[in-house]
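> Using the sequences and the accompanying hints, generate a full structural model.
If you read the sequence shown in our numbering, its first letter stands for residue 308, the second for the next number, and so on.
Everything labelled a hint here was simulated from the structure, so no lab data went into it.
C-beta atoms are modelled at their ideal positions from N, C-alpha and C, and glycine is treated no differently.
The reader is advised that the hints may include incorrect statements.
To be verified - Capping the alpha-carbon separation at 20 Å, the derived lysine to aspartate or glutamate pairs in EDC-like fashion look like this:
id	residue 1	residue 2
1	Lys436	Glu349
2	Lys417	Asp353
3	Lys436	Asp353
4	Lys436	Glu446
Stated by the list, open to error - Each pair of labels, with its calculated beta carbon distance range:
id	residue 1	residue 2	range
5	Glu409	Glu440	32 to 38 Å
6	Glu446	Glu469	38 to 44 Å
7	Glu469	Ile429	30 to 36 Å
8	Gly489	Asp442	39 to 45 Å
9	Glu441	Ala361	33 to 39 Å
10	Glu441	Gly374	36 to 42 Å
11	Pro485	Arg376	27 to 33 Å
12	Gln452	Asp403	19 to 25 Å
13	Asn399	Met356	20 to 26 Å
14	Thr453	Asp403	29 to 35 Å
15	Gly482	Ile375	14 to 20 Å
16	Glu373	Glu409	26 to 32 Å
17	Val484	Glu446	25 to 31 Å
18	Ile481	Ser448	39 to 45 Å
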Amino acid sequence: MQLRHTFLIIIALCLVLPASAQDGDKGMSNSAYLDAFLADFEASSDKIMQLAGAFSEEQYAWRPAEGIRSVSEVFVHVTNANIGLASALGFNHEMDRPAGPEAEQAITSKADVIADLEMGQIHVRQAVKAIMEEDLSGEISAFGQTMTRLQVLMILGSHSHEHLGQAIAYARSIGVVPPWSGG
Numbered sequence: 308m309q310l311r312h313t314f315l316i317i318i319a320l321c322l323v324l325p326a327s328a329q330d331g332d333k334g335m336s337n338s339a340y341l342d343a344f345l346a347d348f349e350a351s352s353d354k355i356m357q358l359a360g361a362f363s364e365e366q367y368a369w370r371p372a373e374g375i376r377s378v379s380e381v382f383v384h385v386t387n388a389n390i391g392l393a394s395a396l397g398f399n400h401e402m403d404r405p406a407g408p409e410a411e412q413a414i415t416s417k418a419d420v421i422a423d424l425e426m427g428q429i430h431v432r433q434a435v436k437a438i439m440e441e442d443l444s445g446e447i448s449a450f451g452q453t454m455t456r457l458q459v460l461m462i463l464g465s466h467s468h469e470h471l472g473q474a475i476a477y478a479r480s481i482g483v484v485p486p487w488s489g490g
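What follows is the structure, encoded as structure tokens:
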């Protein structure tokens with residue numbers, strides 16, 4: 308139910324923010340939007356961290372089928388996206404870790420994956436705080452195309468929720484109960 312409310316808030320923000328850009332000072336400020344984004348990001352990130360802790364070390368190697376990401380690869384993929392999308396927003400930071408698909412193969416132990424997730428989440432928080440005064444409708448280059456900062460933030464938020472759902476499906480498939488669900 309909470310995920311549904313979060314999704315509805317994101318949709319509402321997507322509708323309000325473009326209209327507010329046309330109305331000048333009448334709409335939602337960058338700060339208000341970014342505060343709402345961070346609250347949503349924190350909620351999904353917290354659940355991802357809780358779920359990462361609920362899997363056993365052995366379950367981190369489980370995958371639903373050959374050629375599909377394992378539990379550890381899903382979580383490392385989330386960090387890869389967090390780092391990449393923060394970079395697209397202009398917040399680059401040297402990471403002491405492999406990049407992209409190489410990271411998914413190299414970071415596999417439960418402790419390392421959880422530390423990696425935490426690092427990526429901190430990176431996003433710092434990036435969002437760094438763009439508080441930036442024009443969210445300002446265009447940047449991301450994924451080989453021109454996008455606004457707002458579009459990149461929307462991708463970041465939806466990506467986090469997408470892989471939270473994937474991790475929940477993985478967990479339920481192998482008998483891991485999401486800690487917040489009560490069974």
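> Any of the earlier hints contradicted here, and which numbers?
6, 7, 11, 12, 16, 17
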